[in-house]
Amino acid sequence: MIRFLAKRIGQAVAILLGVTVVTFVLSFLMPADPVRMLAGRSATPETVESIRRELGLDQPLPVQYVKYITRLVQGDFGRSYRQKTEVSALILSRLPATLLLLLGAIFFELLIGMPAGIFSATRRGRPSDNWIMAFSFAGVSMPQFVIGLLLLYLFAHMLPIFPLGGYGTLNHLVLPALTLGISGGGWYSRMMRSAMVDVLRKDYVRTARAKGMTERRVILVHALRNAILPIIAMIGLDIGIFMAGAVVVESVFGWPGIGQLAWQAIQMVDIPIIMGVTLVAAIGIVLGNLLADLVMPFLDPRLQLE
Amino acid sequence: MPHAIRQLLKNKLAVFGLAMIAVFAGAALVAPLVSPHPPHEQFFDGLTLQGAPLPPNAKFLLGTDLLGRDLLSRLLYGARTSLIIGIAANGAALFIGAVLGIVAGYAQGWVGAVIMRFTDLMMAFPALLLAIALAAIFAPSLWIVALVIALVNWVQVARVIYSQTVSLTAREYIEAVRSIGAAWPRILFFHILPHLWPTLLVWGTLGIATTVLLEATLSFLGIGVRPPTPSWGGIIYESQSYFLDAPWLVFFPGVCIMFLSLSFNLVGDALRDALDPTQRGRG
Amino acid sequence: MGRWMTRWMVIILALIMTMPALAFATDAKQGGEMTVTFKDDVATLDPAIGYDWQNWSMIKSLYDGLMDYAPGTYNLRPGLAESYEVSPDGLAYTFRLREGVKFHNGRPMTAEDVKYSLERTVNPKTQSPGQGFYSSIKGFDAVTSGETTDLTGVIVVDPKTVRIELSNPDATFLHLVALNFSFVVAKEAVEEYGADFGKHPVGTGAYKLSAWNLGQNLIFERNKDYYRSGVPKLDKITFEIGQEPTVALLRLQRGEVDVLGDGVPPARYIKMKNDSQYADNFMEGPQLQTSYITMNVKMKPFDNVKVRQAVNMAVFKERICKIINNRAVPANQPLPPAMPGYAENYDGYSLDRGKAKALLAEAGYPDGFTTELYAINTDPNPRIAQAIQQDLSAIGIKVDLKTLAASTVIAAGGEPDQAPMLWSGGLAWLADFPDPSNFYGPILGCGGAVKGGWNWAWYCNEEIDAKAKKADAMSDPDLVDQRIDLWRDIFIEIMEDAPWVPVFNELRNTMRSDRIGGSEDFFVDPVFRPCNYRYVFARDAQ
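Residue numbers (our numbering), protein chains in the order written: chain V, 1 to 306; chain C, 1 to 283; chain Z, 1 to 542.
Chain V on its own, in the form it takes in the complex:
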């Protein structure tokens, strides 16, 4: 186990290093000059060049990259070009909002996906199963911004139950989290359904039934306990998908998370923020994958930790 973890952490560091290289190169490939964005419309060419020197952007790319990495390993993410604030402070100020959204999204994904999947599994092949699966696919097939805008229209405008976006109270969280929940819940219900179908065929379930246990008890206690593991693995893998959703949903609902931070930074070519947010997102994804990998062996004993 320890060896497995050590190996995985080693791999993760290598991957994250790769992510920084790719992000760095992509940032500089953008056909825009961060210094001009910074210097604004009244700056003379001399001012532009002096700002470039001050930021070290006049040096060759590899030199800049090595400098960046050297500071990064000391825990210094650098400072935003535009705001001059430390990138770590900016990310930390927005991370809670994104994590809250993540938790809310998982809550709704499970709330929608699990009952639908269980219900579908127990009625396999019947019309209700087909309908639920069709709806699961519909949720998955709807762009998140459309779900978000429709929810806003229905539950904030027509029936003003929830706020039209913003951040602060639990009420603000409902619609953005529900948006991600509807979109992701479709996957969970399908996952849950196939896991349940597998489990319901197992001998111990038959035994439990034979013992005269009620169907409800069989499903909720025995079957569910065993079918839940793939769901946990799924949550881990979901983080990557969530990061993409965050950019869109945060923009629709004006949610002050790191997705918005990244989006604005790309618009302004604020490279230290782009680097920082990408790295943090990548760390989240790598951790999520690690979680999934740790859970997998419990699903299938044949899969030993390598």
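If you're looking for bench data, these hints aren't it; they were derived computationally from the structure. Beta carbons are placed, not taken as given, at the ideal position from N, Cα and C, and that holds for glycine. Please note: incorrect hints may appear among the correct ones.
[To be verified] Okay, derived cross-link-like pairs now, PhoX-like style, lysine-lysine, Cα gap no bigger than 20 Å in a straight line:
no., chain 1, residue 1, chain 2, residue 2
1, Z, K300, Z, K187
2, V, K84, Z, K125
3, V, K84, Z, K398
[What the hints assert, rightly or not] One side only, chain V facing chain Z, incomplete, derived with CB under 8 Å:
no., residue
4, A39
5, P45
6, K84
7, E215
8, M268
[Claimed, not checked] A few chain C positions that, by computed beta-carbon distances, are all more than 12 Å from chain V:
no., residue
9, L8
10, P55
11, P56
12, I96
13, Y106
14, S179
15, G181
16, W197
17, T199
18, I257
Given the coordinates of chain V, assemble chains C and Z onto it according to the supplied hints.
Quick look at chains C and Z alone, frame taken from chain V:
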């Protein structure tokens, strides 16, 4: 194969999906014939005097957009954009992913290691951020958007194809073919690729659903195909600030995106059930 | 010094006489609070660095410059300076500082602080976007090149007097010391916080920052020691960040917030404007802004003046205004109507497709041509670009649209051969200070027609440049009218060369809640947006 097709046609949802795809493809093909108006024409009477869009009415069946253009015509032409990008981008992603996956899986060794470590890296990359960055680098046009999406979406394909190729390569008959001295292109083409077709077909279909959504999302963020080319995501992007007052501008294109993506998902899922032996019997 | 024929100017009196109408409003009692909403985060409150319209006015409330503007107007009045004197050659400005001005940390402000602050802005290490404004001060080059940090042209005569010497006369200089980049900062705070000074501002201004929750809100509190008695009116201002304009408007209608920082969202504009219920809440007025299309005079076919004139006659500006719900008025010249020097009697190019086609034919393009229009990709700019595209196709010009991120569009405009046409919306020129020269240099003068510059038309007319130099040197207050006339002529002459299609002048609007009072001028203040934070007052405190 005939067995698979029969099984597919037994699946009601898949038939529904196929029918919807036919409808969208038909709309895209005959858009010039059935569109009530030219999709780019900005009608002076397509806006109120205050510049607000018109709700559905007799002249503009689904209403107008914020420039006074006919929404129905734009939706019909938008089907072209979505389908072209869906097929082109997914085809390219499938190609890149399949080539890299097969090469990595067959060659293994350091070539395989390099390729697979690279896909690991791409997996850790937040996909949408990558797409946004790529779209910022290349000024988007129809084909560039397709390319950007392909560059983001090939990773999953590569991983699936890789693991299948690895397990195929390990089979005894491949060993046997190798031992009689067959050249590697021959082995890849005649002995490995045929076994991968079902997977490629399934991913080819499901991938279009993902691609359609990604195109819509990029357009919604303002970095999709360039105006005035009609795109469903783009219509929503342009109308977003008005959506409380003109919800039809979000609703109709939203429904189009959903049904197109849904259709490919349904068909792809049924195909997987019908073709993929590892999945057969499940569910 | 002895050879100077010094004369004190009684400018204070003159200015006070121009604004008796405002006197009543400034009588309002102090007290109460208000909440202002913004969508985007505030980048910094460092006056040397902050340069977006959102922090621009916040900075004006936290710090002061030597000069200031009378509320609701663009009339200069003394700020930290109590009075000033200009040498007859216009090369030296002597400012006498007010007594008893204190920084938020309690320390009295002196002439040394004025010098320090200007030096800081000019110093390359500060990375100030406003550095170039002060290039006429003696010793500027030595500081920008890094030789020294001492800006020799700024001389501390005594703790209450500072003299600024220029290397050439600059008629806009008093505006420059009313500009944020010259605002006086407390050296000890800059040294204490370093790069984080922008988050811990210490100035002499009407308000001080009492809290900043990143990404959520900022709270300003009244500076009780402010040198202007009776100002500011409010005890506290809360800026809420991350509020979508649509949400903010609804919250204002519910009475939860008081002023919309981003204005009324476009889709709601008509309703709010025409609703008599909100007659006292909806505020609208002009701003010093023009949105225009540039045509790159170095690129074919726009090197031909007839082509540029033809384009000017083909753009249907009224319809473009309609597309944005008439939140703008059509423009026919670079200067906005509220700017001194605006030519009232100039008609510009009116919509005439027949004449436009004839001009194209004369220029050798009877069948039109194909070109590209760059525009930024945020609403409503792609829509406006599509409207322009349709207008130009009517005279045979086929336009491919390049709607891209602002940073990419700016980069393209700054290359001599990349963007044949560029729509300035979203990047549009908003005056830094109310003087016509601010609409020339960087965007129409030869100085801006350089790689990375903002003169995207690449228009450079040596003759006009010479006239502009002459106008800028007319710093004698007696020549003010002549100078403005000269500028008026310059812009009309530019329109003959037609490097731009001036499309519209955007109006600005905002809403205030019933709790907030003050002259409507304070809500369309030329230098403050969304409102003059120092002079608006709380009705419940009256």
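Okay, the hints, checked on the actual structure:
no., hint, result
1, Z/K300 <-> Z/K187, "52 Å, violated"
2, V/K84 <-> Z/K125, "12 Å, holds"
3, V/K84 <-> Z/K398, "44 Å, violated"
4, A39, "5 Å, holds"
5, P45, "6 Å, holds"
6, K84, "5 Å, holds"
7, E215, "48 Å, violated"
8, M268, "7 Å, holds"
9, L8, "15 Å, holds"
10, P55, "15 Å, holds"
11, P56, "16 Å, holds"
12, I96, "16 Å, holds"
13, Y106, "21 Å, holds"
14, S179, "29 Å, holds"
15, G181, "34 Å, holds"
16, W197, "24 Å, holds"
17, T199, "18 Å, holds"
18, I257, "5 Å, violated"
The earlier numbered hints that this structure contradicts are 1, 3, 7, 18.
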